[in-house]
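So you can see what is in the structure, the chains are spelled out below.
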Amino acid sequence: MLVLLVGIFLLHITTVILLLAATIHNGWWVSSILSTDIWGRWSLIGSHWNYTDLPSSYPEGYLQAVQASSVLACVFSAIGLFVFVAQLFTLPKGKRFTFSGIFQLLACLCIMIAASIYTDIFHKDESNAEYGPSFILAWISFALTFISCVIYFVLRKKTT
Amino acid sequence: MSLDLTPSIPSFLLHSLSLLFISGAPGHSGSSGCPRGRPILAMLTLLVLTAALLLTAAPQSEAIVVYTGWERHALVGSDVRLSCSFFSWRWTSDDVTFSWNYRPDGAKDSISIFHYTGGAPYLDNKGPFRERLEFVGNPSRRDGSILIRNVDFNDNGTFTCDAKNPPDIVGRPSSVRLLVFEKVPIQAGVITGAIIGVVLGLLILVVAIYYLMRFLVARRVFTLSMSKHGKKGKGKEGSQPRQAGPSK
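Order-wise, the sequence lines are chains A and B.
Just so it is clear: in the first sequence, position 25 is 8 by the working numbering, and no numbers are missing.
For the working numbering, count along the second sequence from 1 and bump the result up by 7.
Among these hints, one or two may not hold up.
[Claimed, not checked] Quick partial rundown of chain A residues pointing at chain B, CB under 7 Å, derived from the structure: (1) L27; (2) S30; (3) A51.
[Said to hold, decoys possible] Some chain A residues close to chain B (C-beta under 10 Å, calculated; not the full set): (4) L(-13); (5) V(-11); (6) L46; (7) S52; (8) V54; (9) G77; (10) L89; (11) D108.
Simulated from the structure, these hints should not be mistaken for laboratory data.
Think of the CB as a built atom: it goes at the ideal place given N, C-alpha and C, for glycine as much as any other residue.
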């Protein structure tokens, strides 16, 4: 039981870390001289990496929606971690960790919205670069938060 | 800044307060006809004298402060109003003057485009703003705003307003930058912040309502057990499982 709890806790922490990495690192669209989205653009000019704003050709509304939902996913997952720890000590025997599950579900939804909008709207016809680490981490954390939320909905507390 | 006056105000208050305490102390009223009237009268005259002294002594520390915006954003072809007003300890005199200068982006020199003096505005009739300027201010209300019609990309630059209220003429002019856009950009982060704020607000609202319902239902359960008739229909859906009693 303890091993299971530690595993679930580690899974949750992993999702928080991956979500933070995907949100903060500007690496959704990457090439050898470019690393861009969702907050700014790093371009290699000469031998120097320069940080500039994203080009104004990006659809503003969609970009800010991606920013907002990825930040919200981080927030929900972090709150869910605290709620899980709190429920660990206060939940009566036999009950499910529904509250933590709900927060992980919300995080899963938000990061899914962010990654989907990004995949569908940005860089659709470009081929000079590829999807970078932050993009991959976003989709991986979608999968992990989903698994985590299912575990919370299924898990029952064995001891008081 | 003209607020050099403020160090003297606390000391003035201190003086009047000390006077209050001294004259309010018992034993000072003496045996005269109206024991309370004389110290208060003396205090009031002292207050009035000090205030008058301060107001006349104020000119040493005053300066005129001019206010304009920091930046103005405008669409190509629209009209933009550049506001300018000032703060001065003196009454608005009849010789108040406003002048606007324009310095294009990247240029070093500025040209004068507007001047208001002697009760009449003088608009630019030779420079880049000929026939496009209009004076929309009210000098008696300390407002020296101008309106530029039909802005273009060449109008990007810094506009400086200088106001003078004789004899209050010492002060710094204030500048406003004009930025002309083809389409007004959404400021970075407005939509992001709005979405985050709304969702988190909804979350807090839902959690608050959930706990409120639990609290209310707990109270209803208490009143339900008190009076058995008539309150059954008012029970909420969640109240049934909470009545951990014979009703299960």
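Can you name, in rising order, the numbers of the hints this structure does not satisfy?
-> Checked against the structure, the hints that fail are numbers 1, 2, 4, 5, 9, 11, while the rest are satisfied.
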